[in-house]
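Asker: Sequence:
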Amino acid sequence: MSTAGKGLVRKYGFVLTAWKLNLAGAMEFRMSFFLTAGMMMLNNAVFLFFWAMYFQRFPLVNGWSLNDVMMVWAVSTTGYGISNVLFGNALRIANLVAGGDLDAYLIQPKPVLLNVLVNRMSLLAAGDLLFGLVCYGIFGDHAFAGFGRFAIAALFSTLLFTFFHILTQSLAFYIGNAENLGYQFFIGFVTFSTYPTDIFKGMGRILLFTVIPAGFISYMPIGLLRTPEAGFLAGLLLVTALLGISAITVFYKGLARYSSGNRIGMKS
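So the sequence shown is numbered by this note's numbering: it starts at 1 and just counts up by one.
For the record, the hints were derived by calculation from the structure and aren't laboratory data.
Remember, predicted model here, so these are calculated numbers, not experimental data.
Don't take each hint at face value.
The calculated lysine to aspartate or glutamate pairs, modelled on EDC-like cross-linking and capped at a C-alpha distance of 20 Å, are [as the list claims (entries may be wrong)]:
id, residue 1, residue 2
1, Lys253, Asp68
2, Lys201, Asp101
3, Lys253, Asp103
4, Lys253, Glu179
Now the in silico label distances, taken between C-beta atoms and shown as ranges [said to hold, decoys possible]:
id, residue 1, residue 2, range
5, Ser246, Thr191, 17 to 25 Å
6, Gly176, Ala52, 40 to 48 Å
7, Pro109, Pro59, 55 to 63 Å
8, Ile212, Pro109, 33 to 41 Å
9, Leu181, Met203, 43 to 51 Å
10, Ala256, Pro59, 50 to 58 Å
11, Leu155, Lys11, 17 to 25 Å
12, Gln108, Leu35, 30 to 38 Å
13, Asn67, Arg10, 40 to 48 Å
14, Ala52, Arg226, 27 to 35 Å
C-beta atoms are modelled at their ideal positions from N, C-alpha and C, and glycine is treated no differently.
With these hints in hand, go ahead and build the complete structure from the sequences.
Answerer: In structure tokens:
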């Protein structure tokens, strides 16, 4: 095996080990884990209850049915759940930068960004992930092709959430304390990813497919799950790639500006 191949195997093994340790840590407090995940599922279910009540009165909204909205939530919550279960520190980068807590990651012989991302699991996000899978189980297309499209949608949703969080949280390297700003970006992205895209018009719709690309998540039930649209898929691939490159670039360029917090300690 080549040196590059061995390096990839070591990184893969490191990531798997980190995920196992995160899960083991969560399972030490099983009751807390299940209660937290259960409450998040209940919270999401309340929103869908009101959507169901709305569609009883108005069966179609700009061509969107109740089933389409349920699949918006399935794709969004599954992607958000996977992102924050596997890469739970994506939403804490600004906090780590402000507190000088990146020091412990810099001294380890691991890719800094990857090491940061996989070092934590979000218990709340586990509830979102389970909720998304339940939504798909109830409202989704269970044929092989339908499951494949949902898996692809969940993958892109995960990547968009992860890259967007890295990009916005990395602003802390440049503007100092960006925790509140990063949180506002997070709330906006999550909120817009759960609403039918076609209710937005004009500049609002443009923003949802550019500055805050949550529109690519919320449109997937129409542009990918219902009938794959070539133009939408091309845009989805392009934006995901650009967002990923931008996020990684902004993080590492910002890391070069990082000032040590002089913390003594080491992450296991």
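Asker: Between Gln108 and Leu35, is the Cβ distance one that fits in 30 to 38 Å?
Answerer: holds (33 Å)
Asker: Take the C-beta atom of Ala256 and the C-beta atom of Pro59, compute their distance, and say whether it sits inside 50 to 58 Å.
Answerer: holds (55 Å)
Asker: Between Lys253 and Asp68, is the straight-line Cα distance small enough, at 20 Å or below?
Answerer: Roughly 40 Å separates the two Cα atoms, so the pair is violated.
Asker: With respect to the beta-carbon atoms only, verify the hint that Leu181 and Met203 lie 43 to 51 Å apart.
Answerer: violated (21 Å)
Asker: With respect to the beta-carbon atoms only, verify the hint that Pro109 and Pro59 lie 55 to 63 Å apart.
Answerer: holds (58 Å)
Asker: May I ask you to test the hint 17 to 25 Å on the CB atoms belonging to Ser246 and Thr191?
Answerer: holds (22 Å)
Asker: Range first: 27 to 35 Å. Now tell me if the beta carbons of Ala52 and Arg226 are that far apart.
Answerer: Since Ala52 and Arg226 have Cβ atoms about 19 Å apart, the given range 27 to 35 Å is violated.
Asker: Straight-line Cα separation of Lys201 and Asp101 no greater than 20 Å?
Answerer: violated (42 Å)
Asker: For the range 33 to 41 Å, tell me whether the beta carbons of Ile212 and Pro109 fit it or not.
Answerer: Given a distance of about 36 Å, which is inside 33 to 41 Å, the answer is holds.
Asker: Would you say the C-beta atoms of Leu155 and Lys11 sit inside 17 to 25 Å of each other?
Answerer: 19 Å Cβ-Cβ, so the 17 to 25 Å window holds.
Asker: Taking the CB of Asn67 and the CB of Arg10, does the distance hold inside 40 to 48 Å?
Answerer: holds (45 Å)
Asker: Given the hinted pair Lys253 and Glu179, is their alpha-carbon gap at most 20 Å?
Answerer: holds (19 Å)
Violated hints for the displayed structure, listed by number in ascending order: 1, 2, 9, 14.
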